[in-house]
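All chains, full assembly: derive it from the sequences and hints.
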Amino acid sequence: MSSNQDPICSDDDQELLISAPLSSLCRIKGISVVAPANDTAPSRVKIFVNLVSVSGFCSVRRLVPQEQLQLADGGCEDRIIYRVNATKFSAVSSLTFFFDESYNGEETNVLRIELFGENTGKSTQQQVATNIVYEARGNPADHQSGEDKKSLFEVR
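Residue numbers (my numbering): 1 to 156.
Keep in mind that the hints were calculated from the coordinates and are not lab data. Any given hint could be a false lead.
To be verified - As a list, the in silico DSSO-like pairs of lysine-lysine whose alpha-carbon atoms are at most 27 Å apart:
#1 K46 to K29
#2 K29 to K122
#3 K88 to K29
Here's what the structure looks like:
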């Protein structure tokens, strides 16, 4: 754990959006948000799992988060681990954190986001199949049967 005490700060208002891609799939069981010991600490976070593209605040406001946490008002020396729904966080390749409220209502500062869980060891990079044969119409030579084909219908 580093001793970096420089927070990530929101720009003009209390909203802060953080995207965290992971290098391998993880099972997340808990999350801790460490903030400065002042009133700029976030009071609520919405967590999204495996979002493909985040184009800004408008895109995440319309989405339903996998988890929404009310954060305790604590200093940087207090670590509170919030449990998350294990079924929704079982195969995580990226997390997006949307802090939409802070305790002072003007600015949001975050020192660290800590994840607790297990690494599955599976890479988040999908391997692409390269040698694929598509059969639009079956080849009769590949599908021969031992029976003689009999006509089921007679046309007169």
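Status of the hints after comparison with the structure:
1. K46 to K29: holds (16 Å)
2. K29 to K122: holds (17 Å)
3. K88 to K29: holds (10 Å)
Of the hints listed earlier, there is not a single one the structure fails to meet.
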